[in-house]
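**Q** Listed below, chain by chain, are the residues.
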Amino acid sequence: MKRARIAWAGAIHDAIEADGQLELLTPAFRGRRLSFDEVVWLPPLAPMPAHRPRTILALGLNYADHARELAFKTPEEPLVFVKGEASLTGHRALTVRPAGVAYMHYECELAVVIGKTAKKVKKADAHGFIAGYTVANDYAIRDYLENWYRPNLRVKNRDTCTPIGPWLVYAADIPDPMNLALRTTVNGKLTQSGHTRDMIFDVPFLIEYFSSFMTLQPGDLILTGTPDGVVDCQPGDVIVTEIEGIGALVNTIALQG
Amino acid sequence: MTLSPPPFLPGGTVYGTLLNFKHELALWAARAAEPPYKGIPQAPVLFIKTANTFSPQGAAISLPASVPEVDVGASMGLVIGNFEDFWPNPSADRPQKAINMEATAMLPRVVGCVLLNDLSIPHDSYYRPPVKFKCLDGFLGIGPRCVPLAEVGDVNALKLEVRVNGTLRQTVDFSGLVRDAAMLLADVGEFMTLRPGDVLMLGSDCLPDGTRPRARAGDLIEISAPGFDPLVNTLVGEPT
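Protein chains in written order, with our numbering: chain A, 1 to 257; chain B, 1 to 240.
Worth flagging that the hints you see were computed from the coordinates, not collected in a lab. There could be a bad hint or two in this list.
To be verified - Computed cross-link-like contacts, EDC-like style, restricted to lysine to aspartate or glutamate with a CA-CA straight-line distance of at most 16 Å:
id	chain 1	residue 1	chain 2	residue 2
1	A	K73	A	D228
2	A	K120	B	E190
3	A	K119	B	D173
4	A	K120	B	D137
5	B	K22	B	E151
6	B	K132	A	E76
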């Protein structure tokens, strides 16, 4: 099952994928089918409860090849940073490249959506705590890197700079999240190609690691890092980050303003 | 009888600010010039206190057995409001002067301030994000009330007092900020939106020797400021 969250006809709706169309789950329109082109795609995530904002954890340098690409040695423990929900945007969205920067790059990442309260979970049990998966594009603007709590939020927590979607794919449909191909194209040209089997810290490890000191709740996200092959993106570029069996997330770079 | 309102909890993301006191930044000057830092920070350096850290007023905060003591980071949070909080009262812009900021459509509107106790496992490197030091369950004590800005007076003139088991351990003077409330809001707003319900912490200061007040299981921490009901947290050992 693939679920989406969309805006259409003045309201927000949950929908599922059906024969290459979106089928609405909203009672008033239940069963109505829409084409992918006639809706606005939102992050495929249900809103969080009041007073329990979403925790968005993201991994840096979690593929050995990407760590080498950035001239870092392989980390001995996860390099983790946190993002705010305001940085998220949906499929087919615009992401802003600030004026005057030299290097802004995409990062194609498998995103894990937590499905039930996770506290001190063991690796062997981790799959039972996953609701599903989606694709995230965790853009970075390297001009703004500073060596304080690096990667700092000015690099990683910018408005519009975390497209996510199009679908939440139920965990039951992805028997092995560590066996998925990832690829990114820029204007149709393949620029990044990797495989989740090359993660340094795999999904079960990450759930055990995080839940050992922080309790995760349904709707929380873990963005699991990107393989090598990141390149600069310019206004007008169309970036497609795609993960086998999960989806192809389309994003267009826009000028500021 | 009257029921007291439930203790305040943030509705959105809680952002903390690193090195926002001139005193601590000065102590870091020599180290900051060396690797891995290679210079003092230019833009605001933020971190996030995730939702699992929220400890409402009165909640005991549990320390894992592996954590003998924690740093107390007494801070003030600016609570971002909804449009509705300022409408339709035409004088609603006036309290924004409490943060030395003429309200404009460009800057997020602050509805009030809340005392916060930003607990950390002591760590002496600020190079990597502090998730494993700052995002443990319960590691953010949250004051009982969001005090409306109109009642706060001048945010940048506030002084907080930190007591552990009744002994005064620190006075935090917000006149010593690197970026005052208005400047911090403006510089953060340059790269990200603070949404209604989000909270932006002004930072925490260190003691004269560069450390922060330490506390351990069994200690009672109280953070107080004029016009605010004290924030009280008790630390307890992790149940086995």
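**Q** Looking back at the numbered hints, which does the structure fail to meet, lowest number first?
**A** 2, 3 and 5
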